[in-house]
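Protein sequence lines correspond, in order, to chains A and B. Under the working numbering, the residue at position 29 of the first sequence is numbered 29, and the numbers go up by one with no gaps. Here the working numbering runs 392 ahead of the position in the second sequence, where the first position is 1.
To be clear, the hints were calculated from the coordinates, so they are not data collected in a lab. Treat the hints with care, as some may be off.
Listed below are the simulated SDA-like cross-link pairs for lysine to any residue, each with C-alpha atoms no more than 20 angstroms apart in a straight line [claimed, not checked]:
| hint | chain 1 | residue 1 | chain 2 | residue 2 |
| --- | --- | --- | --- | --- |
| 1 | A | K92 | A | A74 |
| 2 | B | K407 | A | L357 |
| 3 | B | K425 | A | S39 |
| 4 | B | K547 | B | K425 |
| 5 | B | K459 | B | S398 |
| 6 | A | K37 | B | P490 |
| 7 | A | K221 | A | F360 |
| 8 | B | K547 | B | P486 |
| 9 | A | K367 | B | L404 |
| 10 | B | K531 | B | K547 |
| 11 | B | K425 | A | I348 |
| 12 | A | K37 | B | T432 |
| 13 | A | K37 | B | F501 |
| 14 | B | K407 | A | K37 |
| 15 | A | K37 | B | Q525 |
| 16 | B | K531 | B | D546 |
| 17 | B | K433 | A | K221 |
| 18 | B | K401 | A | S39 |
| 19 | B | K425 | A | M366 |
| 20 | A | K37 | B | M436 |
| 21 | B | K500 | B | P478 |
| 22 | B | K500 | B | Q525 |
| 23 | B | K547 | B | F501 |
| 24 | B | K407 | A | G233 |
| 25 | B | K459 | B | Y438 |
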Amino acid sequence: MDWTLISIILVSAIKTLAIIFGVVLPMVSYTVYAERKVSALIQDRIGPNRVGIPLTLFGGKKDFSFFGLVQPVADAVKLLIKEDFTPNHVNKFYYWLAPVLGVAPALITLAVIPFGSVLNLDPILVPLGNFLGFDLGLGNIPMVIANVDIGILFIFAISSVGVYGIVLAGWSSNSKYPFLGGIRASSQMISYELSLGLSVIPIFLLIGDLNLTTIVEYQIKHGWLILPFGPDGFTLQRFLLWIPMIISFLVFTVAMFAETNRLPFDLPEAEQELIGGYHTEYSSMKFALFFLGEYAAMIAGSSAIVVLFFGAWHLPFIPDGSGGGWLGLFWGMVNIAAFFGKVAVILIFFIWVRWTLPRFRYDQLMKLGWYFFFELALINIFIAAIILAFVP
Amino acid sequence: MAYTVSRPKMTLAEKMYLPAIVAGLIITARHFKNMLLGRTKVLMQYPEEKWDANLPEYYRGAPTLVKDEHDRERCVACQLCEFICPPRAITIIPAELPKESKFAKVEKFPEEFKIDMIRCIYCGLCEEVCPEQAIYLRKDYTITGLSRAEMVHDKKKLYELGGTMDGLVHKWNPLK
Chain A
1 MDWTLISIIL VSAIKTLAII FGVVLPMVSY TVYAERKVSA LIQDRIGPNR VGIPLTLFGG
61 KKDFSFFGLV QPVADAVKLL IKEDFTPNHV NKFYYWLAPV LGVAPALITL AVIPFGSVLN
121 LDPILVPLGN FLGFDLGLGN IPMVIANVDI GILFIFAISS VGVYGIVLAG WSSNSKYPFL
181 GGIRASSQMI SYELSLGLSV IPIFLLIGDL NLTTIVEYQI KHGWLILPFG PDGFTLQRFL
241 LWIPMIISFL VFTVAMFAET NRLPFDLPEA EQELIGGYHT EYSSMKFALF FLGEYAAMIA
301 GSSAIVVLFF GAWHLPFIPD GSGGGWLGLF WGMVNIAAFF GKVAVILIFF IWVRWTLPRF
361 RYDQLMKLGW YFFFELALIN IFIAAIILAF VP
Chain B
393 MAYTVSRPKM TLAEKMYLPA IVAGLIITAR HFKNMLLGRT KVLMQYPEEK WDANLPEYYR
453 GAPTLVKDEH DRERCVACQL CEFICPPRAI TIIPAELPKE SKFAKVEKFP EEFKIDMIRC
513 IYCGLCEEVC PEQAIYLRKD YTITGLSRAE MVHDKKKLYE LGGTMDGLVH KWNPLK
């Protein structure tokens with residue numbers, strides 16, 4: 001019995017279940033709730049505020065409305081009990097396959113993101129192990145599901161597969177509006193993937209490694225990449241490098257907006273308001289999967305922005321969780337909370353931009369992607385390379 | 393014929409679009425902040441706060457029938473409202489008044505008067521056309537029911553909702 005191997009597999013499985021199913025999926029539902037609330041407050045109204053704990057269902061006298069926080073539960077119940085039918089004019093194989101291809105890549109990209117430093121659960125596991133007679137001490141558990149060396153390349157590769165979900169949904173629906181929506185979405189996503197990939201190359205020129213955990217460690221030693229200084233103080237190279245870093249941040253963020261089909265690049269969704277869009281023919285659970293995939297992609301994109309530019313889980317004067325004992329466990333949890341807090345701020349920024357900007361027209365969108373951002377990202381690489389080569 | 397549309401010249405700041413984005417973000421942030429701090433008052437929490445006290449006098453709610461000051465029903469079953477109703481929500485079955493009544497040879501009365509509130513569009517044409525001023529639109533706007541049968545207001549309910557109104561039909565009362 002190779003307990004080491006079994007424990008590694010078990011710990012990975014538990015991390016996957018706990019983070020993906022325990023944290024990210026509820027976070028998706030509450031991102032929908034946050035979107036409704038924040039967009040309502042921007043539009044001078046309040047969002048859902050009545051769905052609370054329905055005590056009257058269980059025989060109580062009055063419902064408690066906790067600012068509508070139970071609204072996502074009501075949404076989920078509605079989507080589960082709705083009738084799920086397949087129209088008979090669709091291509092059945094691709095119709096059933098498309099929502100899966102919409103959701104799975106968004107969730108898989110979360111596997112390489114370091115959402116915390118380390119978590120040392122020994123204060124709980126060792127007494128439990130002594131009680132049961134086994135040695136359950138696991139040491140410092142790294143808070144990343146898959147610490148692969150290709151890091152960011154994995155994210156780009158897997159999110160490209162997400163285009164297939166939309167294309168197949170539009171194609172299999174066998175009707176003109178989903179078809180047009182799918183075509184536009186696919187061309188938009190492919191165009192902005194170029195800028196997405198090229199815009200972060202200055203970061204790898206500086207750090208020299210694609211592994212996301214190494215990037216976070218560099219940012220802890222030398223300051224977050226979005227700032228022109230760090231614990232080393234002001235150096236000329238770092239100060240000059242701030243310009244390509246800011247350009248890189250802007251291009252990456254705009255390309256992330258385009259990849260997740262958020263305003264101002266939301267032509268595939270706009271047709272949903274106007275005509276149809278790629279999920280016209282989809283009903284309850286398949287529609288829920290598309291919706292979930294879109295918000296999970298938003299969370300994955302925000303996590304990538306936070307990891308690359310904002311130092312993932314790092315806060316300036318707080319230690320990481322490797323100290324051991326109850327204090328180490330506490331700081332480990334604080335690091336995880338700091339990461340998700342930063343992701344939440346970026347998500348609110350996504351929602352804020354959605355209700356500020358009008359949508360781009362299709363030709364303006366393609367011109368921006370191919371003429372402007374692509375070249376800007378290329379020039380940015382040259383600027384960063386020159387600064388790194390010639391400034392000490 | 394080629395028609396050239398003249399586009400306005402954009403300054404560098406307008407072409408870059410980033411300053412406009414930032415200005416827009418500041419405007420929406422200000423709306424957000426004002427709502428959070430409670431400074432914007434555009435809202436009424438509907439079932440708890442209603443605006444019924446401010447409804448103007450000519451507000452068109454649900455139609456009702458009225459009785460006059462001698463507690464006689466005013467409706468004479470002329471069926472004008474039934475014919476003018478655009479969605480045909482009113483159904484009337486006229487009948488002769490009983491022979492003992494003083495007005496037996498002069499007027500009819502409605503044996504059955506039904507208004508289907510699912511069809512009623514609250515236009516007020518029945519109130520305008522009635523020659524006896526028997527049908528009036530009151531201020532009630534929340535008519536709900538759990539079945540289609542429940543949503544049909546029959547004669548008894550219409551008189552109950554209507555009440556009494558006196559001294560308005562000028563052919564029987566001299567103008568004061």
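Against the structure, the hints:
The hinted pair formed by K92 (chain A) and A74 (chain A) fails the criterion: a straight-line CA distance of about 30 angstroms is larger than 20 angstroms. Restraint check for K407 (chain B) and L357 (chain A): satisfied, since their Cα atoms lie roughly 15 angstroms apart, inside the 20 angstroms limit. Using a Cα cut-off of 20 angstroms, the hinted pair K425 (chain B) and S39 (chain A) holds, with the two alpha carbons roughly 12 angstroms apart. Annotation: proposed proximity of K547 (chain B) to K425 (chain B) is violated, straight-line Cα distance about 54 angstroms (limit 20 angstroms).
Restraint check for K459 (chain B) and S398 (chain B): not satisfied, since their Cα atoms lie roughly 69 angstroms apart, outside the 20 angstroms limit. Taken as a hint, the K37 (chain A) and P490 (chain B) pair is broken in the structure, with Cα atoms around 65 angstroms apart against an allowance of 20 angstroms. Under the criterion of a C-alpha separation no larger than 20 angstroms, the hint pairing K221 (chain A) with F360 (chain A) is inconsistent with the structure, at around 40 angstroms. Simply put, K547 (chain B) and P486 (chain B) have alpha-carbon atoms about 12 angstroms apart, close enough for the 20 angstroms limit, and the pair holds.
Between the alpha carbons of K367 (chain A) and L404 (chain B) the distance comes to roughly 18 angstroms, so the proposed pair stays at or under 20 angstroms and holds. Under the criterion of a C-alpha separation no larger than 20 angstroms, the hint pairing K531 (chain B) with K547 (chain B) is consistent with the structure, at around 18 angstroms. Taking the CA atoms of K425 (chain B) and I348 (chain A), the gap is near 14 angstroms; set against the 20 angstroms cutoff, the hint holds. Note on K37 (chain A) and T432 (chain B): the hinted pairing holds, with a Cα-Cα distance of about 16 angstroms set against a maximum of 20 angstroms.
About 57 angstroms separates the Cα atoms of K37 (chain A) and F501 (chain B), which puts this hinted pair outside 20 angstroms; it is violated. For the given pair, K407 (chain B) sits about 33 angstroms from K37 (chain A) by alpha-carbon distance, which is inconsistent with the 20 angstroms threshold. At most 20 angstroms may separate the alpha-carbon atoms for a hinted pair to count; K37 (chain A) and Q525 (chain B) exceed this at roughly 50 angstroms. For the hint linking K531 (chain B) to D546 (chain B), the alpha-carbon distance of about 18 angstroms falls within 20 angstroms, and the restraint holds.
Between K433 (chain B) and K221 (chain A) the CA atoms are separated by roughly 49 angstroms; this puts the pair beyond 20 angstroms, and the hint is violated. A C-alpha spacing of about 33 angstroms is found between K401 (chain B) and S39 (chain A), which places the hinted pair above 20 angstroms, so the restraint is violated. Distance hint between K425 (chain B) and M366 (chain A) is unfulfilled; the C-alpha atoms sit about 35 angstroms from each other, more than 20 angstroms. Of the pairs offered as hints, the one joining K37 (chain A) and M436 (chain B) holds, with about 17 angstroms between alpha carbons and a cut-off of 20 angstroms not exceeded.
Proximity of K500 (chain B) to P478 (chain B) is assessed by CA-CA distance (about 24 angstroms); at most 20 angstroms being required, the pair is judged violated. About 15 angstroms separates the Cα atoms of K500 (chain B) and Q525 (chain B), which keeps this hinted pair within 20 angstroms; it holds. Note on K547 (chain B) and F501 (chain B): the hinted pairing holds, with a Cα-Cα distance of about 11 angstroms set against a maximum of 20 angstroms. A threshold of 20 angstroms between alpha carbons decides the hint, and for K407 (chain B) with G233 (chain A) the separation of about 36 angstroms lies outside it, so the pair is violated.
Our distance criterion of 20 angstroms between C-alpha atoms is broken by K459 (chain B) and Y438 (chain B), whose separation comes to about 33 angstroms.
Hint violations for this structure: numbers 1, 4, 5, 6, 7, 13, 14, 15, 17, 18, 19, 21, 24, 25, all remaining hints satisfied.
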